[in-house]
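Undergrad: Chain residues, written in single-letter form:
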Amino acid sequence: MAELGFRQVALVRSAPARDRGERDLILRAQRYEPEALAELFDGHFEALYRYVHTLVGDATASEEVVRLVFLRALEGIPRYRRFESGFATWLERIANAVLSESDRPTGLPAPLPAKELPPAARLREAIRGLTPDQLDVLGLRFVAGLPADAVARSTGRGVGRVQALQHRGLLALGRALAGEPDPTTPVELQ
Amino acid sequence: MNQMLVEPSPRQLEDAIARRMAGAAVAEAVGIHPAAEELERMLALSEQIVALPTRAPGTGSRSRVRDAFLQGGREHRAGWVYRHNLPLRRAKHPLPSHGIRWGLVVAAALMLALVAGISLALAAQLSEPDSGLYPLKLNTERLLLAANRTPVSQAAVRLQLANQRYRDTEAMAARGKGGLAVNSMSAYYDQLRLAGAALAGARRDASWKTVRSQFDTVEAKPIDNIVTQLQNTRQTAALAQITALRDQFAKDRKSIDAKLNPPTAAPSGAQPEPLPSGARP
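The listed protein sequences derive, respectively, from chains A and B. Every letter in the first sequence is one number past the one before it in my numbering, and letter 58, counting from 1, is 937. Every letter in the second sequence is one number past the one before it in my numbering, and letter 162, counting from 1, is 196.
Bear in mind the hints are in silico, worked out from the structure with no lab data behind them. Bear in mind the structure is a predicted one, so any value in this text is a computation, not a measurement. Don't be surprised by glycine CBs; every beta carbon is placed ideally from N, CA and C. There may be inaccurate statements among the hints.
[To be verified] Covered stretches of chain B (in silico footprint by chain A; criterion: 3 or more residues with CB under 8 Å from a CB of chain A, positions within the stretch not fixed):
1) 80-86
2) 90-97
[Claimed, not checked] Partial pick of chain A residues on the chain B-facing surface, computed with a CB cut under 8 Å:
3) R902
4) P913
5) F920
6) V945
7) L950
8) D1028
9) A1029
10) R1032
11) L1052
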């Protein structure tokens, strides 16, 4: 087993939202004040891009995902209340939701990653084949580097539920990388 | 994947990840465990995710996304301003003016006071001389008297009041309250005297006759029951006073009756002429 080691929240993250400055900034952004929006963007773009690029691996696709995330953030920012969880985490969760969306019909298993792909690309494809909940937890846990209780707080789930999703997500990921279909995903009825 | 592997529980996986994050070696993080092999595989997988390469965005990418974001922000800002700065419109049913609202408040307060007063007056009507509301009852009776202007109607009201005083006397005597019984008895006779005086000065018509007959009924009320009650409650002083009041009224009654009874008509038929000598035939 390769000794990769964990990076300790390697991404460039802004100060947590409990910071009064960011809270005020978000409150102003909720009124769509251009200066506040620009400041929020400048403070979070790079970290979000790195997060998305980790999961996507392609510059063009990452840019498109980040663009969608920021546009969705514009829609949702008036309802933003999770100041204690951090604005960056909120953006990352939107990114997880965007990455989970695909044209795959509901109920069909995700296509297995092609064996000829490089290992990192296979892993990314396998991650994007996880369920939205599993992707949400694994992304925040291992890409954003949040501890389990912070993931629980920011997603509104219990710690036990986060641990279970993490467990099932890693199992599903292992099966996908081994070329085995996920037995828990229902197969389309003919 | 080897299906014979024992799967670790979510808690065991979390503990292993926490130990690894704290800097423990893989073997130490996994520990001696039946599911150690699978745990190690999952730990390795998680570390592969952590180690996925990433890179910083290009400058072109930043400016493109920034422009799109700020353009979207401007569009949302226009909507937000429109929603939050709507011009004031005249209400379909405007509120009444300041003066009218105060008038309504005062009218409501007056109405409330009127209802409270009426309720109090009605409650006072049931009160007796030993009640705190009794003075209110007497005032209400004065208003009733003032409202009746003709002598006959005043006499009728006074007879009702006399009846009331008589009942008050009975109640007070039964409760052993001699002083209050004497007061009520005195008021009873006073009302009778005043009613008699009013009737005496009134025109004799049908209503007068009705009230006149009521007068006879009310003034003829026996006081035996009251006397018995006072004796039973040992109110001897009150008993003596009430007896004196009765005797006094008995004297006054003769003069009242004299005023009320019409003079006896002369016998009908032709009277014999007096004799020239002055002697009657």
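Undergrad: Now, for every hint given, state plainly whether the structure supports it.
TA: These are the hints, each one checked on the structure:
no., hint, verdict
1, 80-86, "holds (count 7)"
2, 90-97, "holds (count 5)"
3, R902, "violated, 19 Å"
4, P913, "holds, 6 Å"
5, F920, "holds, 5 Å"
6, V945, "holds, 6 Å"
7, L950, "holds, 5 Å"
8, D1028, "violated, 10 Å"
9, A1029, "violated, 13 Å"
10, R1032, "violated, 16 Å"
11, L1052, "holds, 6 Å"
In this structure, the earlier hints numbered 3, 8, 9, 10 are contradicted, and the remaining ones agree with it.
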